[in-house]
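Listed below, chain by chain, are the residues.
Protein chains: 2
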Amino acid sequence: MAVYTDLGTERLADLIAAYDVGDLVSAKGIAEGVSNSNWLIETSGRDGSPGSQSARFILTMYERRIETADLPFFLDLLDHLSAANCPVPRTIHDREGASFRMIEGKAVALIEFLPGVSPTAPTATQARAVGVALARMHGAAQDFPGSRTNDLGPGENAATLESCGSDALAQIDPNLPAVVERARTITEDWPSDLPRSIIHSDLFPDNVLMLGDRVSGLIDFYFACEDQMAYDLAVTHAAWCFSKDGSRFDPALGRALVTGYETVRPLEPRERDALPLLAEGACLRFVASRAQDWIETPAGALVMRKDPMDFVRRWNTYRERGQEAFA
Amino acid sequence: MAVYTDLGTERLADLIAAYDVGDLVSAKGIAEGVSNSNWLIETSGRDGSPGSQSARFILTMYERRIETADLPFFLDLLDHLSAANCPVPRTIHDREGASFRMIEGKAVALIEFLPGVSPTAPTATQARAVGVALARMHGAAQDFPGSRTNDLGPGENAATLESCGSDALAQIDPNLPAVVERARTITEDWPSDLPRSIIHSDLFPDNVLMLGDRVSGLIDFYFACEDQMAYDLAVTHAAWCFSKDGSRFDPALGRALVTGYETVRPLEPRERDALPLLAEGACLRFVASRAQDWIETPAGALVMRKDPMDFVRRWNTYRERGQEAFA
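Sequence lines, in order, name chains L and E.
Following the working numbering, the numbering of the first sequence begins with 1 at its first residue and continues without gaps.
Following the working numbering, the numbering of the second sequence begins with 328 at its first residue and continues without gaps.
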């Protein structure tokens, strides 16, 4: 949650002039995204009418974590999904047709602004709508020509967690070192033959915009990759169906999410069988990345550290409830 | 630059429902204001037309420094100036007519959104326009019935600086303790009989929105108070006519600012005579507040510390150049 770079109004105006979107009218640095700087931009619009829906954009500057080589995949994916009527923001291309530009060695992209707010206390109706939107996205991405490997699979995540070291993990929480062993089991049992597509793989409520019960936007595709679709459903389940610290599971939300998904794409029996394990793998991923961030981020730094234990608690729920967590 | 409070979408929606502005359509935490949390809010509008200019607002939550008792002064002032055609955002009143509401012990106000961007490298033409806008604001505020004493006068600022202690000041910069003596002289020589009005007293470029060379918004009136108008011009001069670190003075900007001001309200000879001293007093104010913040803010805290020496350098320029800095 930060604006890392102070671009300066004059440079912003020059940048916007590279696009056929009219003149810069307003620019506010917004507190969104952990790895990027983002601005909510308003322009006079192509037809010079300020305030029209089409004249607002999100300008993203990629600060870290995202490889420039991956940007065409992410940005083309937005265009592909948007063209297929998924509620995904289009990439605005510059006058030369490029989907991103470089400023002082950093890539920037201008992206369609979508209305909507992210629910902080989702209802079952909202979770159902998210399940529908996720399944539609999986369907629409089937014929996307780009490809990107998931570099955050269970093996990588288990290795990341292990590399933190027992002592450092124990300093975060005494119960954290115990999950390293579990991580190994997950990796060994991980399925590899479930139906695949491009998956979002980070569909937390923060990355969904809603107008009431309607999904108006799926955003932040910067972890998207080619992988098993049921794993994406499991990630979304872990992200939506618990209280923030993971201590309270809401079965009604879980049920609604899966039901919504299946109205568009019914799960195969082997996918359904795999859901608890896939959800454990989803928890492993966030435990590993949070533990690593925790250790690498000095206390009192500008970035707020997230507690890995939030996802150890979810993990415990999936181990305890198994299939029941999805029914 | 921060969003201090995470309000949560549902609470935001409830809050917006207290105003006759339509439904919440979008809310982005914006990185503006050092003492408040701010959101750029979009609603469906009274007539249900999303995206119309009138359906965007800034929601401000007052986190610290601002006394709730002062809020009616600040917010009524916006309405008064806006009604007098100053480019100042109106306060949106709730359905009961209140200009602010309380949430969890904190005051919040909904304020009109104004287009425009803050210049980071102002031109003389822009400085002139700001001078014009400032003089008009001083004129429009003459019949504002509210009053608020300036609690950041030279005496208070000198006392603040002195209370930091020579050792602490020297730790910030070896040249800083020397200005304490100067601060005393300023206080002794300070005029008290110059023409008065309500002044903005913090009109940095950050607090001015412009569309090209036109001033589209004067914002952030949270230091406004009743005081000598020429002092406000001096503050604005110190804020606009130097490079960020104060090492480079641009006489053309200073000239343009004063010329613009005088097209609306010509300065009396005694005001003009006082300008160098008033500008020194403006520098004293920012040196004192920055030194205090520096000492009170631990290194590595979430708030960026500003170097008091930026305004010692400006101060030196005013001492060296005197009247010449305004000609």
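Don't take each hint at face value.
Claimed, not checked - Cross-link-like lysine-lysine pairs, in silico, DSSO-like; alpha carbons within 27 Å at most:
{"id": "1", "chain 1": "E", "residue 1": "433", "chain 2": "L", "residue 2": "106"}
{"id": "2", "chain 1": "L", "residue 1": "306", "chain 2": "L", "residue 2": "244"}
{"id": "3", "chain 1": "E", "residue 1": "571", "chain 2": "L", "residue 2": "244"}
To be verified - FRET-style restraints, in silico, Cβ to Cβ:
{"id": "4", "chain 1": "L", "residue 1": "266", "chain 2": "E", "residue 2": "332", "range": "49 to 57 Å"}
{"id": "5", "chain 1": "E", "residue 1": "489", "chain 2": "L", "residue 2": "67", "range": "47 to 55 Å"}
{"id": "6", "chain 1": "E", "residue 1": "570", "chain 2": "L", "residue 2": "67", "range": "30 to 38 Å"}
{"id": "7", "chain 1": "E", "residue 1": "474", "chain 2": "L", "residue 2": "67", "range": "52 to 60 Å"}
{"id": "8", "chain 1": "L", "residue 1": "305", "chain 2": "E", "residue 2": "474", "range": "42 to 50 Å"}
{"id": "9", "chain 1": "L", "residue 1": "66", "chain 2": "E", "residue 2": "540", "range": "53 to 61 Å"}
{"id": "10", "chain 1": "L", "residue 1": "305", "chain 2": "E", "residue 2": "337", "range": "24 to 32 Å"}
{"id": "11", "chain 1": "L", "residue 1": "259", "chain 2": "E", "residue 2": "332", "range": "31 to 39 Å"}
{"id": "12", "chain 1": "E", "residue 1": "540", "chain 2": "L", "residue 2": "250", "range": "27 to 35 Å"}
{"id": "13", "chain 1": "L", "residue 1": "121", "chain 2": "E", "residue 2": "474", "range": "56 to 64 Å"}
{"id": "14", "chain 1": "L", "residue 1": "181", "chain 2": "E", "residue 2": "570", "range": "57 to 65 Å"}
The hints are simulated quantities; they were obtained by calculation from the structure and are not laboratory data.
Everything numeric in this text was worked out from a predicted model, so none of it was measured.
Virtual Cβ for every residue (Gly too), placed ideally from N, Cα, C.
Comparing the hints with the structure gives:
1. 433/E to 106/L: Violated, at roughly 39 Å.
2. 306/L to 244/L: Given pair residue 306/L, residue 244/L holds - Cα atoms ~11 Å apart, limit 27 Å.
3. 571/E to 244/L: 42 Å, violated
4. 266/L to 332/E: 49 to 57 Å: About 43 Å separates the Cβ atoms of residue 266/L and residue 332/E, which means 49 to 57 Å is violated.
5. 489/E to 67/L: 47 to 55 Å: Cβ of residue 489/E to Cβ of residue 67/L: about 54 Å, so the range 47 to 55 Å holds.
6. 570/E to 67/L: 30 to 38 Å: Holds, at about 36 Å.
7. 474/E to 67/L: 52 to 60 Å: 58 Å, holds
8. 305/L to 474/E: 42 to 50 Å: 47 Å, holds
9. 66/L to 540/E: 53 to 61 Å: Because 38 Å falls outside the window, the suggested range is violated.
10. 305/L to 337/E: 24 to 32 Å: Given about 26 Å between the Cβ atoms, the range holds.
11. 259/L to 332/E: 31 to 39 Å: 35 Å, holds
12. 540/E to 250/L: 27 to 35 Å: Check failed, 55 Å falls outside 27 to 35 Å.
13. 121/L to 474/E: 56 to 64 Å: Taking Cβ atoms as reference, residue 121/L and residue 474/E lie about 44 Å apart, which means the hint is violated.
14. 181/L to 570/E: 57 to 65 Å: 59 Å, holds
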